[in-house]
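> The primary structure of each chain is shown beneath.
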Amino acid sequence: MGKNIILEAKSISKSFLNPVKVDVLKEVSFSLSRGEYASIIGKSGSGKSTLLYILSTMDTDFTGELLIDGIRVRGKSEKELASLRNEKIGFVFQFHYLLNEFTALKNVMLPGFKLDKLSEEELEHNAYGFLKDLGIEKLAHKMAYQLSGGEKQRVAIARAMINDPLIIMCDEPTGNLDSKNADIVFNIFKELTEAYNKTLLVVTHDMDFAHKTSRIIELGDGRLLKE
Amino acid sequence: MKVKHITEISGALMRARWKQTLVAAVGVTFSIAFFISLLGFMEGLNQLLDGIVLNRTPHVRLYNDILPSKVQPIELSEDFKDHYNFIQSVKPTNTRKEIYNAPQIIDKLSNDGRVLGVAPKVTAQVFYNLGNIDLNGIINGINPEKEAAYFSFNDYILGGNSLDLNNVSNSIILGQGAANTMRAKVGDIVTVTSTEGEQFSLKVIGFFQSGISEIDKVQSFASLSTTQKILGENNNYISDIQVKLKDLNQAPAIAREYEHFFKIDAEDIQTANAQFETGSGVRSIISYAVGVTLLIVSGFGIYNILNMLIYEKMDTIAILKATGFAGIDVKKIFISISLSIGIVGGFVGVLFGFLLSITIDAIPFDSPTMPAVTTYPIDYGIQYYSIAAIFALVTTFLAGWFPAKKASKVDPVIIIRGK
Ligand SMILES: Nc1ncnc2c1ncn2[C@@H]1O[C@H](COP(=O)(O)OP(=O)(O)OP(=O)(O)O)[C@@H](O)[C@H]1O
Ligand SMILES: [Mg+2]
Numbered sequence: 001m002g003k004n005i006i007l008e009a010k011s012i013s014k015s016f017l018n019p020v021k022v023d024v025l026k027e028v029s030f031s032l033s034r035g036e037y038a039s040i041i042g043k044s045g046s047g048k049s050t051l052l053y054i055l056s057t058m059d060t061d062f063t064g065e066l067l068i069d070g071i072r073v074r075g076k077s078e079k080e081l082a083s084l085r086n087e088k089i090g091f092v093f094q095f096h097y098l099l100n101e102f103t104a105l106k107n108v109m110l111p112g113f114k115l116d117k118l119s120e121e122e123l124e125h126n127a128y129g130f131l132k133d134l135g136i137e138k139l140a141h142k143m144a145y146q147l148s149g150g151e152k153q154r155v156a157i158a159r160a161m162i163n164d165p166l167i168i169m170c171d172e173p174t175g176n177l178d179s180k181n182a183d184i185v186f187n188i189f190k191e192l193t194e195a196y197n198k199t200l201l202v203v204t205h206d207m208d209f210a211h212k213t214s215r216i217i218e219l220g221d222g223r224l225l226k227e
Numbered sequence: 001m002k003v004k005h006i007t008e009i010s011g012a013l014m015r016a017r018w019k020q021t022l023v024a025a026v027g028v029t030f031s032i033a034f035f036i037s038l039l040g041f042m043e044g045l046n047q048l049l050d051g052i053v054l055n056r057t058p059h060v061r062l063y064n065d066i067l068p069s070k071v072q073p074i075e076l077s078e079d080f081k082d083h084y085n086f087i088q089s090v091k092p093t094n095t096r097k098e099i100y101n102a103p104q105i106i107d108k109l110s111n112d113g114r115v116l117g118v119a120p121k122v123t124a125q126v127f128y129n130l131g132n133i134d135l136n137g138i139i140n141g142i143n144p145e146k147e148a149a150y151f152s153f154n155d156y157i158l159g160g161n162s163l164d165l166n167n168v169s170n171s172i173i174l175g176q177g178a179a180n181t182m183r184a185k186v187g188d189i190v191t192v193t194s195t196e197g198e199q200f201s202l203k204v205i206g207f208f209q210s211g212i213s214e215i216d217k218v219q220s221f222a223s224l225s226t227t228q229k230i231l232g233e234n235n236n237y238i239s240d241i242q243v244k245l246k247d248l249n250q251a252p253a254i255a256r257e258y259e260h261f262f263k264i265d266a267e268d269i270q271t272a273n274a275q276f277e278t279g280s281g282v283r284s285i286i287s288y289a290v291g292v293t294l295l296i297v298s299g300f301g302i303y304n305i306l307n308m309l310i311y312e313k314m315d316t317i318a319i320l321k322a323t324g325f326a327g328i329d330v331k332k333i334f335i336s337i338s339l340s341i342g343i344v345g346g347f348v349g350v351l352f353g354f355l356l357s358i359t360i361d362a363i364p365f366d367s368p369t370m371p372a373v374t375t376y377p378i379d380y381g382i383q384y385y386s387i388a389a390i391f392a393l394v395t396t397f398l399a400g401w402f403p404a405k406k407a408s409k410v411d412p413v414i415i416i417r418g419k
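So the protein lines, in turn, are chains A and B.
Heads up, the first sequence is in our numbering, so the first residue is 1 and it goes up one at a time.
Heads up, the second sequence is in our numbering, so the first residue is 1 and it goes up one at a time.
In short, the hints are calculated from the structure, not lab data.
Each hint should be verified, as a subset may be incorrect.
[Claimed, not checked] So these bits of chain A aren't anywhere near chain B, every CB distance computed over 10 Å:
# : residue
1 : L67
2 : D69
3 : K138
[Claimed, not checked] Only pairs whose alpha carbons sit at most 20 Å apart, straight line, appear in this in silico SDA-like list of lysine to any residue:
# : chain 1 : residue 1 : chain 2 : residue 2
4 : B       : K332      : A       : E80
5 : B       : K409      : A       : T60
6 : B       : K331      : A       : L115
7 : B       : K4        : A       : L118
We put the CB at the ideal spot given by N, CA and C, even for glycine.
Just need the whole structure built from these sequences, with the hints factored in.
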C-alpha cells in the first residue's frame, strides 16, 4: 500500500458552537487508495457534507489529521491549499454550482485557467470531450443559467475532471438526475476509477448507486458506523 | 494564472452588471472632465488677470525716489560719533527725478545677458483742460516700439497705432477713461497744462484701455520727446528705466544688484505686485480642492458599486475558491474590475475634459476692459491631464482594494452550505 494511499483521515472531529456545542464529526478515521470507488451514506444531518468540506481542504477548522497524496493539510496557507485543491481534488457540490456569467464550456475550463498547465485550445478540447462523455456536448455554448438542473450537475462533473485530479469528491452528484442519467454518471465514475486509476468519494442517498460502488462508508451521528 | 484569464473573468462579471459598471465609469468620466476643464479655466483666468498687471509691469524698474536723505549731516560729524541723534520732520531736498547718465545705464543694461529688453520712460504730471475744469493726469513718455515689444503695449491700444506717437508730432494716446470724460475722438486736439503752467495742444491718435479704470482715467501716453518738451527738459531727461528680464524669478536679486551698482532706486516686480501672486495661489488651491473632491466622490461611487457586486456574486466567489482559486486571485479579479472602470472612465474623461475646454474656449467673452480677449480663457497645461489621470487610477485602485480584500476573505463553505 503505502504509496497508493491518496487520502488519509486520522480521527477527524468537528463541532459547531451555536449556541451550544454540537459534535458533528467524532473521531472519523479512514483512508482511500488509488483507484478506489467509495460512497458515503448516512441519514440526513449525519455530517456527510461537513466531512466532505474538510476532506476537500475548504474547511480547515477541525481536529485530527488529514493527508492528501501524502501532504499534510494542517499548517498550509490558504494559497497552498487552493493550489492543492485545484490540482489534486475535483469537487461536485450537493447543489449544482456553476458561474452564470459563463457558458457551460467556459465553466468547465475555469479550473484549468487557474492551473495554467495546458493551452487554451487543449483545455477547450478536453472540456468538450468531457461534456461529450456526459452527453451534453450540444449545450457547450449555452450560458450556465439556461441549463436544467441535471444538465448543470453534469457540467459540474465535467468541471471536476478538467484538471485530471487524483480524487474526485461528490456531494449527491445524482440528486437531480433520473435513473438513466444517474447510470451514465455512475459508469463515467467507474471508468475513471478503472481506466484512469482515479479515486472517487461520493456522498449519496441513492442506495442502488451506493451498492454498486466497491466500498460503502456509513456515517451515523458523526461516527463511522461500518464498512 | 494568466492575466488574460483574470481579465476574462472580471470582464464577464462586469458584463453581468454592465449598467452599474457604466454608471461608475461615467462618474469617473465626469469628475475627470470637470477636473480638467475647471482647473484649465481657473488657470486661464489667473493668467489673464495676472497678465493685466504682470505683462505690463517691468521686472525691474530703476528710478530716483523722492525720499529724505538716508544719511543726515550730523552722522558724518566726527564730534558726535558716539552720540545718538534724533531729528524730526526730515524733508527731502529738491532731488531731481531725473536719472543721471541714463544713456550709459541703458547701454550697460542692454549688454547684460540676463536682460531681455530695456525701455526708458519719462512721466509728466499734467492737467487735462476741459473747459473750466482741469482733470489730473499723467503723461508717460515712452518709446512705442519697445513698449510694444516688451510690455504688450499694443494689446491695450484702441482706435489707432502706437507707432504714430513717433510719426505724428505732438500726438497723444489718451486713457479711455479720460477720453470719455473729455468726449475726445481720434483726430481731436486736446489741451494739457504742465505743472509749470505751460499749455500744450496734443493731437489724439488713439486710446489706451488697461482694464483698470483708475489707471485709464489718469494715464496717457506720448513719445519721449513730446513729454520731455512738456516737462521743459532736454532730450536726455529720463525718469524711469524699465527692464524686462529673461527670468522673472531673478528680479529681486537683480534689482538689489542694480541698486548697488548704479546707486539708484530699483524695484522688482514681486515687491510691486505681491498681492497678485497671493490671489492666483488661493484661486488655484480652491480649484484643486474642488477638483480633487470630485475625483474622491467618484471613487466612493466605484467603492459602492464594487461592494454591491461582491454581495451579488458571493456564489461565484465561493465556486472559484472551491475549485482552487486562491484569495489573491479573487482579489486580482476585483481590483482589475475597478481599475478598468478607472482606466476607461479616466480616458474618456480626459477626452471630454479636452472637449469641454475647447468649448469654453470658444464661448465669446466681450469684456470692455480687456480688448485683447474675445473668448473665455483656458489653459491647456498637460499637468491637469496628468494629475487627473494619475488621481483617477489611484482613487479607483483604492476604491477597489477594500471590496476586493473583502471578496478574497469569503469562506466558500459558508456560502455553499447556505444554499
Ligand atoms: N454552520 C453550522 N452551525 C451549526 N450547525 C451546523 C452548521 N453546519 C452544519 N451544521 C449541523 O451539522 C450537522 C451535519 O450537517 P451536514 O450538512 O454535514 O449533514 P449531511 O449529512 O450532509 O445532511 P444531508 O444529507 O441532508 O445533506 C447537521 O445537524 C447540521 O445542522
Ligand atoms: Mg449534505
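> Against each hint, give a clear statement of whether it holds in the structure.
Now the hints, each set against the structure:
no.: 1; hint: L67; result: holds, 18 Å
no.: 2; hint: D69; result: holds, 14 Å
no.: 3; hint: K138; result: holds, 22 Å
no.: 4; hint: B:K332 with A:E80; result: holds, 17 Å
no.: 5; hint: B:K409 with A:T60; result: holds, 14 Å
no.: 6; hint: B:K331 with A:L115; result: holds, 17 Å
no.: 7; hint: B:K4 with A:L118; result: holds, 14 Å
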